[in-house]
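J.: Sequence:
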Amino acid sequence: TGYVDRIYVVVPLEGGREIAQGGVYSYYEFKQPRDQRLTDDEWRAQLDNDAAPPSPSWADRFSLEGGSPAVPLFFRTGDTYIVTEAGKDLRLRQSASTTAPILGVLMPESYITIIDGPVEKDGYTWWKVSCEYCSFEGEASAEAGWVVEDQAWYVRSYRP
901 TGYVDRIYVV VPLEGGREIA QGGVYSYYEF KQPRDQRLTD DEWRAQLDND
951 AAPPSPSWAD RFSLEGGSPA VPLFFRTGDT YIVTEAGKDL RLRQSASTTA
1001 PILGVLMPES YITIIDGPVE KDGYTWWKVS CEYCSFEGEA SAEAGWVVED
1051 QAWYVRSYRP
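Residues 901 to 1060 (my numbering) are what the sequence shown spells out, left to right.
There may be inaccurate statements among the hints.
Below, computed lysine to aspartate or glutamate pairings styled on EDC-like, alpha-carbon distance capped at 20 angstroms [claimed, not checked]:
#, residue 1, residue 2
1, Lys-931, Glu-942
2, Lys-1021, Asp-1050
3, Lys-988, Glu-942
4, Lys-1021, Glu-1039
5, Lys-931, Asp-941
6, Lys-931, Glu-914
7, Lys-988, Asp-1050
8, Lys-988, Asp-941
9, Lys-988, Asp-935
10, Lys-988, Glu-1009
11, Lys-988, Glu-1037
12, Lys-988, Glu-1043
Label pairs and their calculated CB-CB ranges [to be verified]:
#, residue 1, residue 2, range
13, Asp-1022, Arg-937, 23 to 29 angstroms
14, Pro-954, Ile-919, 24 to 30 angstroms
15, Ser-1035, Ile-907, 17 to 23 angstroms
16, Arg-1056, Arg-917, 14 to 20 angstroms
17, Val-911, Ser-995, 32 to 38 angstroms
18, Asp-1022, Ala-986, 16 to 22 angstroms
19, Asp-905, Ser-997, 35 to 41 angstroms
20, Ile-907, Pro-1001, 24 to 30 angstroms
21, Thr-977, Arg-937, 51 to 57 angstroms
22, Ser-1057, Asp-935, 36 to 42 angstroms
In case anyone wonders, no lab produced these hints; they're calculated from the structure.
Glycine included, every Cβ here is placed at the ideal spot set by N, Cα and C.
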């Protein structure tokens, strides 16, 4: 019934450490007589009216006020992804541009590895990918090229 706060955690991953982010429920302590219990609607109304009490002092050791959430980076250089069915018409381009020559159209289940980027151009975020394990429509083939980032078009692969 509260807000979701962003949490950052250091986690072990593939022999190293990475910073992961996610959501955690906020914490509020409303001082209220026991015989006047707040309903969920009354509780939400206090939050909506900016009447939320300050965080307890013990929370100051691990939380920071303010800031604005950033859009999480979906791709990272070195990561491998699989093209999903939603990305079935994904065009691999010679450079990061909607007007660049098309090297091929990737088929679903193609494995791509991020080797460069991001580049912001033509209203899109572009990443250069290696196509060692790619399947293309028709006779096309390419070792590398640029693709647009869209989270629905890819799923992370843990292929070494």
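J.: Which numbered hints turn out to be false for this structure?
T.: 3, 4, 6, 8, 9, 13, 15, 20 and 22
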